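Enquirer: Here are the chains, one letter per residue:
2 protein chains.
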Amino acid sequence: MSQRRYEVVPIGWVESPLVDRAEAPRQGDEGAPPAWLVFEPEMADAIRDLSVGDQIIVISWLDRASRDVLSTHPRGDVDRPLSGVFSTRSPDRPNPIGLHRVRILAREGLRILVSELEALDRTPILDVKPVLDPIAER
Amino acid sequence: MSQRRYEVVPIGWVESPLVDRAEAPRQGDEGAPPAWLVFEPEMADAIRDLSVGDQIIVISWLDRASRDVLSTHPRGDVDRPLSGVFSTRSPDRPNPIGLHRVRILAREGLRILVSELEALDRTPILDVKPVLDPIAER
Chain A
1 MSQRRYEVVP IGWVESPLVD RAEAPRQGDE GAPPAWLVFE PEMADAIRDL
51 SVGDQIIVIS WLDRASRDVL STHPRGDVDR PLSGVFSTRS PDRPNPIGLH
101 RVRILAREGL RILVSELEAL DRTPILDVKP VLDPIAER
Chain B
139 MSQRRYEVVP IGWVESPLVD RAEAPRQGDE GAPPAWLVFE PEMADAIRDL
189 SVGDQIIVIS WLDRASRDVL STHPRGDVDR PLSGVFSTRS PDRPNPIGLH
239 RVRILAREGL RILVSELEAL DRTPILDVKP VLDPIAER
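Protein sequence lines correspond, in order, to chains A and B.
Those letters in the first sequence? Residues 1 to 138, per our numbering, in order.
Those letters in the second sequence? Residues 139 to 276, per our numbering, in order.
Do not take every clue at face value.
Cβ pair distances, simulated, as ranges [claimed, not checked]:
| id | chain 1 | residue 1 | chain 2 | residue 2 | range |
| --- | --- | --- | --- | --- | --- |
| 1 | B | Arg213 | A | Asp20 | 23 to 31 Å |
| 2 | B | Ser189 | A | Arg26 | 21 to 29 Å |
| 3 | B | Val157 | A | Pro25 | 41 to 49 Å |
| 4 | B | Arg245 | A | Pro81 | 16 to 24 Å |
| 5 | B | Gly214 | A | Asp77 | 21 to 29 Å |
| 6 | B | Ala160 | A | Gly109 | 21 to 29 Å |
| 7 | A | Ala22 | B | Arg186 | 25 to 33 Å |
A few chain A positions that, by computed beta-carbon distances, are all more than 10 Å from chain B [claimed, not checked]:
| id | residue |
| --- | --- |
| 8 | Gly31 |
| 9 | Pro33 |
| 10 | Arg64 |
| 11 | Arg107 |
| 12 | Pro124 |
Which residues of chain A face chain B? A partial, calculated answer using Cβ under 8 Å [claimed, not checked]:
| id | residue |
| --- | --- |
| 13 | Leu50 |
| 14 | Val52 |
| 15 | Trp61 |
| 16 | Asp68 |
| 17 | Arg111 |
I should point out that these hints are in silico values taken from the structure, not numbers from a laboratory.
Note that the coordinates shown come from a computational prediction; the quantities given were computed from them, not determined experimentally.
Every residue gets a Cβ at the ideal spot worked out from N, C-alpha and C, and that includes glycine.
Starting from the given sequences, assemble the full structure and let the hints guide the process.
Expert: Encoded structure:
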């Protein structure tokens, strides 16, 4: 079964002032700037109900990550012992998928401005999901 | 840019009593059973620090979903108006990536038992990440 592969197709891209991985915050709430999500025109129907104020999870493809890393020092701190990557949020992992919980600040057609996104400029976007509140109605 | 494609490689597979999509709960906390995550042998180093009690996010590839759906009735309820899929948790979406927040119940080598997983039997696993508590130390 290990021979199976699946293909992901970007639905859009990040536009951000962050261009250098060394300068990017490790998590969105550690000082990341707002950023635009720019969707492909064919996704217009899929994004039509995303509204200002919504809390969403953006799923990105961290295209500048290394895919052959299996253990790492958490937060790049060599004073911390090596951990298996599935116990860390390092972008370097077999499938470099990023999860970003953000809030929608503005919309202009296919462009959606979100808060505190630590993804680099031109990072591909794979999916957007609503945040599920276990208490609220689904 | 829309011509780019990326390839994801399963790091393991779900073993679950759930085999029929029509019977599966829509979310893990709606009665989903425990399930085993069975990792590929080459992932041993990456999973080595996953421990009983950990809260993790399992990222799956919902391989039985339809990828050409852009709007849907939330929770399959035709009495609810059509929504853009990025405002729903429907498995049918351009990149059918599943997010599952679960707790580790047991470990046996490459096999990890987790709570309340609504993914179907043999669903590919793409990634595992620790749950980040915004208050706790990172």
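Enquirer: Indicate, hint by hint, whether the structure satisfies it.
Expert: Verification of the hints:
no.	hint	verdict
1	B:Arg213 x A:Asp20: 23 to 31 Å	violated (42 Å)
2	B:Ser189 x A:Arg26: 21 to 29 Å	holds (22 Å)
3	B:Val157 x A:Pro25: 41 to 49 Å	holds (42 Å)
4	B:Arg245 x A:Pro81: 16 to 24 Å	holds (19 Å)
5	B:Gly214 x A:Asp77: 21 to 29 Å	violated (46 Å)
6	B:Ala160 x A:Gly109: 21 to 29 Å	violated (37 Å)
7	A:Ala22 x B:Arg186: 25 to 33 Å	holds (28 Å)
8	Gly31	holds (14 Å)
9	Pro33	holds (18 Å)
10	Arg64	holds (12 Å)
11	Arg107	holds (12 Å)
12	Pro124	violated (7 Å)
13	Leu50	holds (6 Å)
14	Val52	violated (13 Å)
15	Trp61	holds (5 Å)
16	Asp68	violated (10 Å)
17	Arg111	violated (14 Å)
Checked against the numbered hints listed earlier, the structure breaks hints 1, 5, 6, 12, 14, 16 and 17; every other hint is satisfied.
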